[in-house]
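J.: Using the hints, position chain X against chain Z.
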Amino acid sequence: MHNFLIYSVLGLSAGAIYAVAAGGLVLTYTTSGIFNFAQGAIGMLGAFTYWQFTYGWGWPAPLSLVIVLGVIAPLFGAALESGILRGLEQTTEAVRVVVTVAILSALVGLALWIWPPNVARPFPAFFNGDKFTIVGAAVTVHQLISMGCAVAVAIGLAVLLRRSRVGTDMRAVVDNRDLLVIYGGSPDRVSALSWALGSSLATLSGILIAPTLQLSVLPLTLLIVNAYAAAIMGRLSRLPATFVGAIVLGLAESYGVGYLSNRGDFLAGIRPAIPVMILFVVLLALPHARLRGNVGKRSRDWFPSPPVRRSAMYAAAFVVLAFVVGPHLSVANMFTVNRAIALGIVALSLIPLVGYAGQLTLCQMSFAGIGALTMAYVAPGGSPLGLVAAFVVAAVVGALVAIPALRLRGIYLALSTAAFTIVLDRWIFTQDALRIFGWRIPLFGIYSLQVPRVQMPGVSFGSDRAQLVLLSLVFSIVALAVVTIRRSRYGRVLLAMRESPAACATLGLRLTVTKMSVFALSAGIAGLGGALYGGLQTAVPADTFSFFQTLPVLLLAVVGGIGAVGGAVAGTVLLGLFEAISRIWPSTSNLIAVAPGLAGIGLVRNPGGIASDLHAAVTQFRNRRRVSAASAGSAGDEAFEVPLEWIGIDRTIRAADIAALDVALGRGPAS
Amino acid sequence: MTSATATLEVEGIEVRFGGLVALQGIDLAVEPGEVLGLIGPNGAGKSTLFNVVSGLLPPTAGHVRLNGTEVSRAGPARRARLGLGRTFQNLETFGVLTVRENVLVAAEICRRWARSQHAPEVIADTLVERVGLGHLKFERADALATGSARLLEVARSLATNPSVLLLDEPASGLTDHETDHLGALLRELAGEGLSVVLVDHNANLVMSISHRVAVLKAGRMLTVGRPIDVQADLRVQEAYLGAPVVMS
Chain Z
1 MHNFLIYSVL
11 GLSAGAIYAV
21 AAGGLVLTYT
31 TSGIFNFAQG
41 AIGMLGAFTY
51 WQFTYGWGWP
61 APLSLVIVLG
71 VIAPLFGAAL
81 ESGILRGLEQ
91 TTEAVRVVVT
101 VAILSALVGL
111 ALWIWPPNVA
121 RPFPAFFNGD
131 KFTIVGAAVT
141 VHQLISMGCA
151 VAVAIGLAVL
161 LRRSRVGTDM
171 RAVVDNRDLL
181 VIYGGSPDRV
191 SALSWALGSS
201 LATLSGILIA
211 PTLQLSVLPL
221 TLLIVNAYAA
231 AIMGRLSRLP
241 ATFVGAIVLG
251 LAESYGVGYL
261 SNRGDFLAGI
271 RPAIPVMILF
281 VVLLALPHAR
291 LRGNVGKRSR
301 DWFPSPPVRR
311 SAMYAAAFVV
321 LAFVVGPHLS
331 VANMFTVNRA
341 IALGIVALSL
351 IPLVGYAGQL
361 TLCQMSFAGI
371 GALTMAYVAP
381 GGSPLGLVAA
391 FVVAAVVGAL
401 VAIPALRLRG
411 IYLALSTAAF
421 TIVLDRWIFT
431 QDALRIFGWR
441 IPLFGIYSLQ
451 VPRVQMPGVS
461 FGSDRAQLVL
471 LSLVFSIVAL
481 AVVTIRRSRY
491 GRVLLAMRES
501 PAACATLGLR
511 LTVTKMSVFA
521 LSAGIAGLGG
531 ALYGGLQTAV
541 PADTFSFFQT
551 LPVLLLAVVG
561 GIGAVGGAVA
571 GTVLLGLFEA
581 ISRIWPSTSN
591 LIAVAPGLAG
601 IGLVRNPGGI
611 ASDLHAAVTQ
621 FRNRRRVSAA
631 SAGSAGDEAF
641 EVPLEWIGID
651 RTIRAADIAA
661 LDVALGRGPA
671 S
Chain X
1001 MTSATATLEV
1011 EGIEVRFGGL
1021 VALQGIDLAV
1031 EPGEVLGLIG
1041 PNGAGKSTLF
1051 NVVSGLLPPT
1061 AGHVRLNGTE
1071 VSRAGPARRA
1081 RLGLGRTFQN
1091 LETFGVLTVR
1101 ENVLVAAEIC
1111 RRWARSQHAP
1121 EVIADTLVER
1131 VGLGHLKFER
1141 ADALATGSAR
1151 LLEVARSLAT
1161 NPSVLLLDEP
1171 ASGLTDHETD
1181 HLGALLRELA
1191 GEGLSVVLVD
1201 HNANLVMSIS
1211 HRVAVLKAGR
1221 MLTVGRPIDV
1231 QADLRVQEAY
1241 LGAPVVMS
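Residue numbers (this note's numbering), protein chains in the order written: chain Z, 1 to 671; chain X, 1001 to 1248.
Certain hints may be false.
What the hints assert, rightly or not - What follows is a list of derived Cβ distance ranges for each label pair:
hint : chain 1 : residue 1 : chain 2 : residue 2 : range
1    : X       : Asp1176   : Z       : Arg310    : 41 to 51 Å
2    : X       : Ser1072   : Z       : Leu577    : 57 to 67 Å
3    : X       : Ser1172   : Z       : Val308    : 37 to 47 Å
4    : X       : Thr1146   : Z       : Val308    : 29 to 39 Å
5    : Z       : Ile436    : X       : Glu1070   : 36 to 46 Å
6    : X       : Ala1119   : Z       : Arg626    : 34 to 44 Å
To be verified - Just so you have them, the derived chain X footprint on chain Z, three or more residues with Cβ under 8 Å:
hint : region
7    : 237–248
8    : 501–514
To be verified - Covered, in the sense of this in silico footprint (three residues per stretch, anywhere, with C-beta under 8 Å from a C-beta of chain Z), are these stretches of chain X:
hint : region
9    : 1067–1077
10   : 1088–1098
11   : 1177–1187
Calculated directly from the structure, the hints in this document are not laboratory data. The model shown is predicted, which means the values in this text are computed figures rather than measured ones. We treat Cβ as the ideally placed atom computed from N, Cα and C, and that holds for glycine.
Here chain Z stands alone, though its shape is the one from the complex:
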């Protein structure tokens, strides 16, 4: 009973902190329609800033609190909103998610840059952890303050949103910005204000939780998962349910730790997984989303359908290049190139799923990890059958992960995949082994796992140079397969489902089967990539396949252009370049760590990605050359170059239009 009281107090105070963070999340979501994946990262950055003022520079704690919570955090939130997020109104939900994930990634890189993790930074609780006793249970002043903050935030937000003019404006701005202007509101000011508040709440939660979690970047950033779970219980819109959810979560976590952590079995390490599993269950319990059609926007996305023969030529050229260049690379450069190509295979796996089918995922490196584990278990001698098994096992797991995805869309889907990957990398992958029905399948453990390199009778891919040839070969084959899919019946179905699930269903398409199949395919490719990536590294630690490793791959693939194989290639080149730069000039390594995030933020300006820009530039160049060749000698043509928009034509004129025009003018078919 005594223990129960202690666990309850711990749980309530943790729940209170989650409530503060979740309150900020719901506030920004309901007022901007953007789900802030970076909320935890903002809280982390805030806690570090507070530490810097109070312990780094020795300012009095109350003064630092006022400066951090009242000035820096709100300014930061408002700056994020007006500088980055305001450009997201006309984009798809996938781009919004990717951009906030990019902010998360950039902030993590930034924090590790400013506060290198190799220095201890003690972060004592408020009032040095002074405590007193209530009904036999010790309660610290810090815990009381946490609970008080939660109550104050709950009341404050309720009054703000329901009773104040600015709160009404906040709720209005998400529905229709223009209408709010007509009614005399100022949407820009209102959005900036809500993000300022959200940022302050994130920072407050970060400062409150830091003494428990210690001041370190990744755990504080992932704290947000707990807030996600609470916010999802309130369906991202209802504050009371969110607060109840946060308390339930805090208690569940506390009891879980209290009663399970001294067991000897695998449940002992369950703590970090508890909120994630609750999140997963809540996501599954959500009512089935109504089938929705397209949003009526003209998408700027780009899904080229290149001829297979030309793609095959590029692919062959790539393998030959790898073969020829290989001997001239230094060991370090060779490893960089190999690593980029292996991760490039994982990036290719995103194209059918995220690009063609429009299903967002944040767990691709988990599938890669499953592939590596399978390879190590099935083919310790390096048999190529291990690669096949890696594909199959990852595909099966992918199909299972897809089950919640069948019911979920957009951010909910992204969240459930994030939940899956965090359960794996924080709880499962770090175990020594998985025991099922007497089988012992070794996992990465706390050190690392040996993953073999492929060996074939007569051919060994043991050397780095052979790895380069193997990786480029597999990359080319997978890339060709993805190009072929785009041109196939299956590719058309995926694109159609992405454009309008409702229309597909009324045409008789079983969305369930289609979604499961594309998840399985994508996971299988990622598993194959993971098996090769594992073999490349040989001794593989668990964090090779963590949530934070998925982010750069996803971000760079989307930045490259997720609708095209060329996009994954561009993303792969960026990955390799970034790594090479940070190796050659070590002083840039911190900047390079932030780079994928910054590149992802750049999507606000160009959701189509680099590949589509390059393609447009090449096409324009070719056309210009053709035109100038044709009109050479006939001066004066320039005068007729009136932009088509001026005369009310908003698309390219095709031959068909000219033919129609000729018919309309009675000229007969164009000659």
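T.: For chain X alone, kept in the frame of chain Z given last:
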């Protein structure tokens, strides 16, 4: 209200959104080869009824039968496989695919069960020509004008070889010439045995090609009858704020 031959039967359909009654006591039966016009002022519940029939919106009460099979609890894909096709008032074309690919993908989806003897490519090419979009075959669907996109939706829904076709305002955005062409096409399809339920604000089109016209008002069925009787019905004229329906 049961008919031995009806392709589509709707019985006692009721839809409530919280306290709002969107549809109540809706009964309808459509025979093979029949064009049934469905008209009513904005907000009468026409699109809601289409969503219920096609399985996108579960009704609060009532039954839907397709070719004699009870489908009230079936999802949209199963209903499509039982012969239901539809278009959408808010365009649902596959924007990043070309016009031909839009129809092709529909023909490919249904290839397994529609038992058509033609290849999907042939079906796609034929239908694109038939609705009059041949000259736009290789345009991306999101580059089409509204009228052409509506015709594309008609072609796409025909690709699954349906026995019942629900058309939600197919003529809005069409020129007079295109509307005439569409009307002729629908009559032709009905002649081949297709049941068509047509919602449109173009009274000329509805009245000229429908065998019967049903009138919805505020979620209830006001009347069902021959076009000439419906036009003469004072309640119908009143439903449109006293403006008599224009005769062709």
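J.: If a hint holds in the structure, say so; if it does not, say that too.
T.: Results for each hint:
{"no.": "1", "hint": "Asp1176/X / Arg310/Z: 41 to 51 Å", "in the structure": "holds (45 Å)"}
{"no.": "2", "hint": "Ser1072/X / Leu577/Z: 57 to 67 Å", "in the structure": "holds (58 Å)"}
{"no.": "3", "hint": "Ser1172/X / Val308/Z: 37 to 47 Å", "in the structure": "holds (41 Å)"}
{"no.": "4", "hint": "Thr1146/X / Val308/Z: 29 to 39 Å", "in the structure": "holds (35 Å)"}
{"no.": "5", "hint": "Ile436/Z / Glu1070/X: 36 to 46 Å", "in the structure": "holds (44 Å)"}
{"no.": "6", "hint": "Ala1119/X / Arg626/Z: 34 to 44 Å", "in the structure": "holds (36 Å)"}
{"no.": "7", "hint": "237–248", "in the structure": "violated (count 0)"}
{"no.": "8", "hint": "501–514", "in the structure": "holds (count 10)"}
{"no.": "9", "hint": "1067–1077", "in the structure": "holds (count 3)"}
{"no.": "10", "hint": "1088–1098", "in the structure": "holds (count 9)"}
{"no.": "11", "hint": "1177–1187", "in the structure": "violated (count 0)"}
The structure fails hints 7 and 11 (numbered hints given earlier, in ascending order).
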